[in-house]
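First to last, the sequence lines map onto chains A and B. Going by this note's numbering, the first sequence opens with residue 1, and the numbers climb by one from there. Going by this note's numbering, the second sequence opens with residue 1, and the numbers climb by one from there.
Just so you know, these hints were derived from the structure itself, not from any lab. Check the hints yourself; a few may be wrong.
[To be verified] Computed cross-link-like contacts, SDA-like style, restricted to lysine to any residue with a CA-CA straight-line distance of at most 25 Å:
{"id": "1", "chain 1": "A", "residue 1": "82", "chain 2": "A", "residue 2": "67"}
{"id": "2", "chain 1": "B", "residue 1": "11", "chain 2": "B", "residue 2": "79"}
{"id": "3", "chain 1": "B", "residue 1": "117", "chain 2": "B", "residue 2": "156"}
{"id": "4", "chain 1": "B", "residue 1": "2", "chain 2": "A", "residue 2": "4"}
{"id": "5", "chain 1": "A", "residue 1": "12", "chain 2": "B", "residue 2": "1"}
{"id": "6", "chain 1": "B", "residue 1": "117", "chain 2": "A", "residue 2": "99"}
{"id": "7", "chain 1": "A", "residue 1": "12", "chain 2": "A", "residue 2": "48"}
{"id": "8", "chain 1": "A", "residue 1": "232", "chain 2": "A", "residue 2": "149"}
{"id": "9", "chain 1": "B", "residue 1": "2", "chain 2": "A", "residue 2": "19"}
{"id": "10", "chain 1": "A", "residue 1": "12", "chain 2": "A", "residue 2": "58"}
{"id": "11", "chain 1": "A", "residue 1": "232", "chain 2": "A", "residue 2": "209"}
{"id": "12", "chain 1": "B", "residue 1": "117", "chain 2": "A", "residue 2": "85"}
{"id": "13", "chain 1": "B", "residue 1": "11", "chain 2": "A", "residue 2": "54"}
{"id": "14", "chain 1": "A", "residue 1": "12", "chain 2": "B", "residue 2": "19"}
{"id": "15", "chain 1": "B", "residue 1": "2", "chain 2": "A", "residue 2": "13"}
{"id": "16", "chain 1": "B", "residue 1": "117", "chain 2": "A", "residue 2": "98"}
{"id": "17", "chain 1": "B", "residue 1": "117", "chain 2": "B", "residue 2": "39"}
{"id": "18", "chain 1": "B", "residue 1": "2", "chain 2": "A", "residue 2": "27"}
{"id": "19", "chain 1": "B", "residue 1": "11", "chain 2": "A", "residue 2": "11"}
{"id": "20", "chain 1": "A", "residue 1": "12", "chain 2": "B", "residue 2": "20"}
{"id": "21", "chain 1": "A", "residue 1": "12", "chain 2": "B", "residue 2": "17"}
{"id": "22", "chain 1": "A", "residue 1": "2", "chain 2": "B", "residue 2": "41"}
{"id": "23", "chain 1": "A", "residue 1": "2", "chain 2": "A", "residue 2": "43"}
{"id": "24", "chain 1": "A", "residue 1": "12", "chain 2": "A", "residue 2": "54"}
{"id": "25", "chain 1": "B", "residue 1": "2", "chain 2": "A", "residue 2": "6"}
{"id": "26", "chain 1": "A", "residue 1": "82", "chain 2": "B", "residue 2": "124"}
{"id": "27", "chain 1": "B", "residue 1": "117", "chain 2": "B", "residue 2": "158"}
{"id": "28", "chain 1": "A", "residue 1": "12", "chain 2": "B", "residue 2": "2"}
{"id": "29", "chain 1": "A", "residue 1": "82", "chain 2": "B", "residue 2": "116"}
{"id": "30", "chain 1": "A", "residue 1": "2", "chain 2": "B", "residue 2": "133"}
{"id": "31", "chain 1": "A", "residue 1": "2", "chain 2": "B", "residue 2": "27"}
{"id": "32", "chain 1": "A", "residue 1": "2", "chain 2": "A", "residue 2": "193"}
{"id": "33", "chain 1": "A", "residue 1": "2", "chain 2": "B", "residue 2": "43"}
{"id": "34", "chain 1": "B", "residue 1": "2", "chain 2": "B", "residue 2": "15"}
{"id": "35", "chain 1": "A", "residue 1": "12", "chain 2": "A", "residue 2": "1"}
[As the list claims (entries may be wrong)] Residues on chain A that point at chain B, a partial pick, calculated with CB under 10 Å:
{"id": "36", "residue": "1"}
{"id": "37", "residue": "8"}
{"id": "38", "residue": "11"}
The C-beta atom is built at its ideal place from N, Cα and C for all residues, glycine as well.
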Amino acid sequence: MKAAAFDYIRPKSLGEATHLLAANEDARVIAGGQTLVPMMAMRLARPTLLVDIAHIDGLSGIADCGSFVTFGAMTRQAQAEKSALVRTRLPLLAAALPWVGHTPTRNRGTIGGSVANADPAAEIPLVLVTLEGSICWTSVSGQGEIAAVELFSGPMSTEMPAGAILTEVRFPVWEGPGIGVGFHEASARRSDFAYVATAAQVQLDRMGRCVRCSIGIGGALAFPQRLPRASKALEGTHLTAQDIASALSSEIAALEIMTDGHASAAYRRRVAGALAARALTDARNQAQGAHV
Amino acid sequence: MKIDLIVNGHKRPLDVEPRVTLLDALRDELRLTGAHTGCEHGVCGACTVLIDGEPARSCLIFAVQAEGNAVTTIEAMAAGPGELGVIQDAFCATHGLQCGYCTPGMILTAHALLRDKPSPTREEIVDAISGNICRCTGYGQIVEAIELAAQRLRGANAEAVR
Ligand code: FES
Ligand code: FES
Numbered sequence: 001m002k003a004a005a006f007d008y009i010r011p012k013s014l015g016e017a018t019h020l021l022a023a024n025e026d027a028r029v030i031a032g033g034q035t036l037v038p039m040m041a042m043r044l045a046r047p048t049l050l051v052d053i054a055h056i057d058g059l060s061g062i063a064d065c066g067s068f069v070t071f072g073a074m075t076r077q078a079q080a081e082k083s084a085l086v087r088t089r090l091p092l093l094a095a096a097l098p099w100v101g102h103t104p105t106r107n108r109g110t111i112g113g114s115v116a117n118a119d120p121a122a123e124i125p126l127v128l129v130t131l132e133g134s135i136c137w138t139s140v141s142g143q144g145e146i147a148a149v150e151l152f153s154g155p156m157s158t159e160m161p162a163g164a165i166l167t168e169v170r171f172p173v174w175e176g177p178g179i180g181v182g183f184h185e186a187s188a189r190r191s192d193f194a195y196v197a198t199a200a201q202v203q204l205d206r207m208g209r210c211v212r213c214s215i216g217i218g219g220a221l222a223f224p225q226r227l228p229r230a231s232k233a234l235e236g237t238h239l240t241a242q243d244i245a246s247a248l249s250s251e252i253a254a255l256e257i258m259t260d261g262h263a264s265a266a267y268r269r270r271v272a273g274a275l276a277a278r279a280l281t282d283a284r285n286q287a288q289g290a291h292v
Numbered sequence: 001m002k003i004d005l006i007v008n009g010h011k012r013p014l015d016v017e018p019r020v021t022l023l024d025a026l027r028d029e030l031r032l033t034g035a036h037t038g039c040e041h042g043v044c045g046a047c048t049v050l051i052d053g054e055p056a057r058s059c060l061i062f063a064v065q066a067e068g069n070a071v072t073t074i075e076a077m078a079a080g081p082g083e084l085g086v087i088q089d090a091f092c093a094t095h096g097l098q099c100g101y102c103t104p105g106m107i108l109t110a111h112a113l114l115r116d117k118p119s120p121t122r123e124e125i126v127d128a129i130s131g132n133i134c135r136c137t138g139y140g141q142i143v144e145a146i147e148l149a150a151q152r153l154r155g156a157n158a159e160a161v162r
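One chain only, chain A, in its complex shape (with noise of 0.2 Å):
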């Protein structure tokens, strides 16, 4: 399987990059390259121009800004896996990290590449969207931010406007203490795509009354999605086995669950269910351990 004919332009500069993509209606931009090469290897996405960003400069880093963390779209997604920064500020973050991929596919691909390619099977769209993050874009005509709740609207498509290029992701720190995080997921074999994934991040008071609640679900939807209400209606509990099932029920029985060739809708369903009161009491029994 081999990619169908394209030009290839390494632009310097953001501005550069962005007249190419304003100038060609079917170029992309190409950042690790982990999903689109497979793509255009399965002739899936046939782009006539590849804008490669991975040498314009300040694309790439992550920061502390405070109340988020920061990522460079070129950030590599080993690079995070590694940083301190993540594993003390984005605790979600760094346990989802190790379920991307594998290794050699986590050397090459990028964060922003993850974000921008929506799939539906991604664990880092998950855990943006768990904790209501965001994106920054860039094009000729000016610049943008979109919530994550906002951004993802099917498999493999974003409300990114046309032409703009994905530059930064932006993930909310939870300030301590007390927090707590679970994320669980269901493959055919480790590092395969997911059929179901969720993420869950939680925060407890010294009585261990949760304060704070997040959980999110992925894999077996069009795209990531929050719940809402179940994040909602476990503020206040003590996070029990009880609390959790009765959160849980109704808001996944009405998820628009995928079906395909690997996996039903219902055993996706019942593996959601499960896998999310498996990433909460992980969370709850990791924040109870941080406030001894």
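Using the hints provided, position chain B with the ligands relative to the given structure of chain A.
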């Protein structure tokens, strides 16, 4: 498109179409056929090479993207023709290969693992090779090979500092 690749320490000028993967450039243009062609879409790991020292799939990178990076292939893993590196020798000793199709990818992956973690646990070894498919061995002997190589490399390093 004219590019300069750096492969196994040597500058290799090439003229390739942008759609040519690094894998095809290595095999067809440079005749370095140690990187194997499997699935060509990132699933099997047969095409694994090191890019700036880290394992990556050469079928998921167009050759033009790799300009400026140091590419290392299995051909650079032995000291000279007819010789075997420590990891390669360990694969022979434990029968860590049968047909050998997955082997270059396994060895380069193991090389990067053992450089970062001289004493990996079994779990860490299994995790490191989880992106490399082997259709022959059942993986048991591959894990053993990497354990043996780790042990020998630790021994050799201890010898060297003494
Ligand atoms: S040939 Fe590259 S991963 Fe299979
Ligand atoms: S030895 Fe044949 S595929 Fe691994």
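So, going through the hints one by one against the coordinates:
1. For the given pair, residue 82 of chain A sits about 21 Å from residue 67 of chain A by alpha-carbon distance, which is consistent with the 25 Å threshold.
2. For the given pair, residue 11 of chain B sits about 19 Å from residue 79 of chain B by alpha-carbon distance, which is consistent with the 25 Å threshold.
3. At roughly 15 Å between alpha-carbon atoms, residue 117 of chain B and residue 156 of chain B fall within 25 Å of each other, so this suggested pair holds.
4. For the given pair, residue 2 of chain B sits about 19 Å from residue 4 of chain A by alpha-carbon distance, which is consistent with the 25 Å threshold.
5. Restraint check for residue 12 of chain A and residue 1 of chain B: the C-alpha separation of about 18 Å stays at or below 25 Å, so the hint holds.
6. Only pairs whose Cα atoms come within 25 Å are accepted, and residue 117 of chain B paired with residue 99 of chain A is accepted, the gap being roughly 20 Å.
7. A C-alpha spacing of about 20 Å is found between residue 12 of chain A and residue 48 of chain A, which places the hinted pair at or below 25 Å, so the restraint holds.
8. The suggested pairing of residue 232 of chain A with residue 149 of chain A holds, with an alpha-carbon distance near 16 Å, which does not exceed 25 Å.
9. Among the hinted pairs, residue 2 of chain B with residue 19 of chain A is consistent with the structure: their alpha-carbon atoms are about 24 Å apart, no more than 25 Å.
10. Between the alpha carbons of residue 12 of chain A and residue 58 of chain A the distance comes to roughly 11 Å, so the proposed pair stays at or under 25 Å and holds.
11. Using a Cα cut-off of 25 Å, the hinted pair residue 232 of chain A and residue 209 of chain A holds, with the two alpha carbons roughly 13 Å apart.
12. Between the alpha carbons of residue 117 of chain B and residue 85 of chain A the distance comes to roughly 22 Å, so the proposed pair stays at or under 25 Å and holds.
13. For a cut-off of 25 Å, the pair hint linking residue 11 of chain B to residue 54 of chain A stands: about 21 Å separates their Cα positions.
14. For the hint pairing residue 12 of chain A with residue 19 of chain B, the CA-to-CA distance comes to about 21 Å; that is within 25 Å, so the pair holds.
15. Note on residue 2 of chain B and residue 13 of chain A: the hinted pairing holds, with a Cα-Cα distance of about 21 Å set against a maximum of 25 Å.
16. Of the pairs offered as hints, the one joining residue 117 of chain B and residue 98 of chain A holds, with about 17 Å between alpha carbons and a cut-off of 25 Å not exceeded.
17. Among the hinted pairs, residue 117 of chain B with residue 39 of chain B is inconsistent with the structure: their alpha-carbon atoms are about 29 Å apart, more than 25 Å.
18. Taken as a hint, the residue 2 of chain B and residue 27 of chain A pair is honoured in the structure, with Cα atoms around 21 Å apart against an allowance of 25 Å.
19. Restraint check for residue 11 of chain B and residue 11 of chain A: the C-alpha separation of about 23 Å stays at or below 25 Å, so the hint holds.
20. The straight-line distance between the Cα atoms of residue 12 of chain A and residue 20 of chain B is roughly 22 Å, inside the 25 Å bound, and the hint therefore holds.
21. For the suggested pair residue 12 of chain A and residue 17 of chain B, the alpha carbons sit about 21 Å apart, so the restraint of at most 25 Å is met.
22. The straight-line distance between the Cα atoms of residue 2 of chain A and residue 41 of chain B is roughly 9 Å, inside the 25 Å bound, and the hint therefore holds.
23. Taking the CA atoms of residue 2 of chain A and residue 43 of chain A, the gap is near 8 Å; set against the 25 Å cutoff, the hint holds.
24. For the suggested pair residue 12 of chain A and residue 54 of chain A, the alpha carbons sit about 9 Å apart, so the restraint of at most 25 Å is met.
25. Proximity of residue 2 of chain B to residue 6 of chain A is assessed by CA-CA distance (about 15 Å); at most 25 Å being required, the pair is judged to hold.
26. The suggested pairing of residue 82 of chain A with residue 124 of chain B holds, with an alpha-carbon distance near 16 Å, which does not exceed 25 Å.
27. Using a Cα cut-off of 25 Å, the hinted pair residue 117 of chain B and residue 158 of chain B holds, with the two alpha carbons roughly 15 Å apart.
28. Of the supplied pair hints, the one linking residue 12 of chain A and residue 2 of chain B holds, its CA atoms being roughly 18 Å apart against a limit of 25 Å.
29. Straight-line distance between C-alpha atoms of residue 82 of chain A and residue 116 of chain B comes to about 12 Å, which keeps the hinted pair within the 25 Å bound.
30. For the proposed pair residue 2 of chain A and residue 133 of chain B, the alpha carbon gap of about 21 Å is at most 25 Å, so the pair holds.
31. At most 25 Å may separate the alpha-carbon atoms for a hinted pair to count; residue 2 of chain A and residue 27 of chain B meet this at roughly 14 Å.
32. Between residue 2 of chain A and residue 193 of chain A the CA atoms are separated by roughly 22 Å; this keeps the pair inside 25 Å, and the hint holds.
33. The hinted pair formed by residue 2 of chain A and residue 43 of chain B meets the criterion: a straight-line CA distance of about 15 Å does not exceed 25 Å.
34. Simply put, residue 2 of chain B and residue 15 of chain B have alpha-carbon atoms about 4 Å apart, close enough for the 25 Å limit, and the pair holds.
35. Pair hint residue 12 of chain A plus residue 1 of chain A does not hold up; C-alpha atoms about 31 Å apart against a cutoff of 25 Å.
36. Here the hint on residue 1 of chain A is kept, as its CB sits about 5 Å from the closest CB of chain B, short of 10 Å.
37. A cut of 10 Å between beta carbons decides the hint on residue 8 of chain A: the least distance to chain B is about 4 Å, and the hint holds.
38. Of the supplied interface hints, the one on residue 11 of chain A is violated, with its beta-carbon coming no nearer than about 13 Å to a beta-carbon of chain B, more than 10 Å.
Hints 17, 35 and 38 from the list above are not met by this structure, while the remaining hints are.
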